[in-house]
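Peer 1: Sequence:
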Amino acid sequence: NIQTPHTILDASALSCVLMQADDVSRFIAFRGELDGVRWDLLGTTAATAALPHVTKRSTDFSDTNYCGWDDLAAVPCESDLSWQPFEPREETGPQVKLVQGGRKLTKEQRQKLKDDEQLREARESIRKRGWTDNEVKWRSWLARRGHDTMVNDWNLYRYIDGECTPPARDPFWLNANEVPLPDYEAGNDGENEDPEPAITSLMGEVVGPKHRAARVKPLPPLWSDVDGDDLVLRTLGRKAEWYCWRQTTSQVVLEVRVPDGTSARECQVTMRPTRLTVRLCGAAAPLLDEELHMRIYVGSNVDDDSSIWELQDKRVLVFHLTKWHRLEAGNVRDASRTWWRQCLAKEEPFENTVPHGDYYNAKEKR
1 NIQTPHTILD ASALSCVLMQ ADDVSRFIAF RGELDGVRWD LLGTTAATAA LPHVTKRSTD
61 FSDTNYCGWD DLAAVPCESD LSWQPFEPRE ETGPQVKLVQ GGRKLTKEQR QKLKDDEQLR
121 EARESIRKRG WTDNEVKWRS WLARRGHDTM VNDWNLYRYI DGECTPPARD PFWLNANEVP
181 LPDYEAGNDG ENEDPEPAIT SLMGEVVGPK HRAARVKPLP PLWSDVDGDD LVLRTLGRKA
241 EWYCWRQTTS QVVLEVRVPD GTSARECQVT MRPTRLTVRL CGAAAPLLDE ELHMRIYVGS
301 NVDDDSSIWE LQDKRVLVFH LTKWHRLEAG NVRDASRTWW RQCLAKEEPF ENTVPHGDYY
361 NAKEKR
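No gaps in the numbering here: position 297 of the sequence shown is 297 in this note's numbering, and each next residue is one more.
Simulated from the structure, these hints should not be mistaken for laboratory data. Accuracy of the hints is not assured; some may be wrong.
[Stated by the list, open to error] Below are the DMTMM-like pairs computed for lysine to aspartate or glutamate, each with C-alpha atoms no more than 25 Å apart in a straight line:
{"id": "1", "residue 1": "Lys239", "residue 2": "Asp313"}
{"id": "2", "residue 1": "Lys346", "residue 2": "Glu205"}
{"id": "3", "residue 1": "Lys346", "residue 2": "Asp304"}
{"id": "4", "residue 1": "Lys314", "residue 2": "Asp334"}
{"id": "5", "residue 1": "Lys363", "residue 2": "Asp304"}
{"id": "6", "residue 1": "Lys137", "residue 2": "Asp115"}
{"id": "7", "residue 1": "Lys346", "residue 2": "Asp230"}
{"id": "8", "residue 1": "Lys217", "residue 2": "Glu205"}
{"id": "9", "residue 1": "Lys217", "residue 2": "Asp230"}
{"id": "10", "residue 1": "Lys107", "residue 2": "Glu117"}
{"id": "11", "residue 1": "Lys363", "residue 2": "Glu255"}
{"id": "12", "residue 1": "Lys128", "residue 2": "Glu87"}
{"id": "13", "residue 1": "Lys363", "residue 2": "Asp229"}
{"id": "14", "residue 1": "Lys217", "residue 2": "Asp229"}
{"id": "15", "residue 1": "Lys239", "residue 2": "Glu196"}
{"id": "16", "residue 1": "Lys104", "residue 2": "Glu87"}
{"id": "17", "residue 1": "Lys314", "residue 2": "Glu351"}
{"id": "18", "residue 1": "Lys107", "residue 2": "Glu121"}
{"id": "19", "residue 1": "Lys363", "residue 2": "Asp260"}
{"id": "20", "residue 1": "Lys346", "residue 2": "Glu196"}
{"id": "21", "residue 1": "Lys217", "residue 2": "Asp260"}
{"id": "22", "residue 1": "Lys239", "residue 2": "Glu310"}
{"id": "23", "residue 1": "Lys239", "residue 2": "Asp260"}
{"id": "24", "residue 1": "Lys346", "residue 2": "Glu328"}
{"id": "25", "residue 1": "Lys314", "residue 2": "Asp358"}
None of these values were measured; they are calculated from a predicted model.
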């Protein structure tokens, strides 16, 4: 046996690898010719002319000159698809996502990548569909707050603009059915109208609304419970067409009529010691601009005795006016000095020059 640095060959295999003396000599001569080749000029005319015998191709397979330089193919460019099998594969599993440091992504980073991918897909979908900004906002609102609606004969008019003909009255639909359905729009055609059917569950139980509808309580006319003549007789106040007032020893309650449905934000109220002004938004003239008969204490927001106003039932503006002259302030000695003969300066005063006995016993309503 002959032992080489890489393999061990026996006598039977040695005959396959041994070369004849003529072949060895020709191979050594061929290697000697390659030593003088200018590899930097390979492919040029000078290199080709210097090696005419090297580029010469033989038809004999056993000849060492069978493969010439012309048989070498050019190297493909980097964008050629033939390089793909040699490129390193990227592992894209959910558990082996890496960042530039070779570290695994955290849960927050994976969630951020997922959110970014969904955002890109949504933007691409919007771009392909050609939606406008308003359409995107509407569909976003509908996806978060919208709900499905069952449209039937009784609520069809709410979702269709213009004239609406339910199937129960459509002549084409009636011709397709031998027995016409009853008209559930109660009270339209005659006295024998069938009522709207109740909504029932699978067990036949009537399904009602989850919460009862708010009961609408009719409001009585303003100051219908106030006896104006009695107020004047006891010198406690007066009732007029658009206002009403009453008083105690320390307070005056003035109620002013405003248009129905007025909100507090629409009212611009200014209270001064001797004048009241009320304006409504959008109105050219003030609703109330009157001078008071006597002085009031306006105060401030942190003062418990300050004068305030409020809107009741969206139809009447109520002023709780604190009298300037009152026993609590210490600026009068007798309660009779706090009595008002009239509220507004243009109002007709009481005939009495002194207050009625009930004035001293009147209780405050605040």
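Peer 1: If a hint holds in the structure, say so; if it does not, say that too.
Peer 2: We went through each hint and held it up to the structure:
Proposed proximity of Lys239 and Asp313 is supported: the alpha carbons are some 19 Å apart, at most 25 Å. A hinted pair counts as satisfied when its Cα atoms are at most 25 Å apart, and Lys346 with Glu205 does not qualify at roughly 67 Å. Between Lys346 and Asp304 the alpha-carbon distance is near 30 Å, which puts this suggested pair outside the 25 Å criterion. Our distance criterion of 25 Å between C-alpha atoms is broken by Lys314 and Asp334, whose separation comes to about 39 Å.
About 18 Å separates the Cα atoms of Lys363 and Asp304, which keeps this hinted pair within 25 Å; it holds. Distance hint between Lys137 and Asp115 is fulfilled; the C-alpha atoms sit about 19 Å from each other, no more than 25 Å. Straight-line distance between C-alpha atoms of Lys346 and Asp230 comes to about 21 Å, which keeps the hinted pair within the 25 Å bound. A C-alpha spacing of about 30 Å is found between Lys217 and Glu205, which places the hinted pair above 25 Å, so the restraint is violated.
Between Lys217 and Asp230 the alpha-carbon distance is near 29 Å, which puts this suggested pair outside the 25 Å criterion. Restraint check: the Cα-Cα separation between Lys107 and Glu117 comes to about 15 Å, which is no more than 25 Å; the hinted pair holds. Of the pairs offered as hints, the one joining Lys363 and Glu255 holds, with about 17 Å between alpha carbons and a cut-off of 25 Å not exceeded. For the hint linking Lys128 to Glu87, the alpha-carbon distance of about 34 Å lies beyond 25 Å, and the restraint is violated.
The straight-line distance between the Cα atoms of Lys363 and Asp229 is roughly 19 Å, inside the 25 Å bound, and the hint therefore holds. Our distance criterion of 25 Å between C-alpha atoms is broken by Lys217 and Asp229, whose separation comes to about 29 Å. A C-alpha spacing of about 49 Å is found between Lys239 and Glu196, which places the hinted pair above 25 Å, so the restraint is violated. Proposed proximity of Lys104 and Glu87 is supported: the alpha carbons are some 23 Å apart, at most 25 Å.
With a C-alpha separation of about 35 Å, the suggested pairing of Lys314 with Glu351 is violated against the 25 Å cut-off. Among the hinted pairs, Lys107 with Glu121 is consistent with the structure: their alpha-carbon atoms are about 21 Å apart, no more than 25 Å. The hinted pair formed by Lys363 and Asp260 fails the criterion: a straight-line CA distance of about 30 Å is larger than 25 Å. Proximity of Lys346 to Glu196 is assessed by CA-CA distance (about 60 Å); at most 25 Å being required, the pair is judged violated.
For a cut-off of 25 Å, the pair hint linking Lys217 to Asp260 stands: about 15 Å separates their Cα positions. Taking the CA atoms of Lys239 and Glu310, the gap is about 19 Å. The hint holds against a cut of 25 Å. Restraint check for Lys239 and Asp260: the C-alpha separation of about 19 Å stays at or below 25 Å, so the hint holds. Distance hint between Lys346 and Glu328 is unfulfilled; the C-alpha atoms sit about 28 Å from each other, more than 25 Å.
At roughly 32 Å between alpha-carbon atoms, Lys314 and Asp358 are farther apart than 25 Å, so this suggested pair is violated.
When the structure is compared with the earlier hints, violations turn up for hints 2, 3, 4, 8, 9, 12, 14, 15, 17, 19, 20, 24, 25 and for no others.
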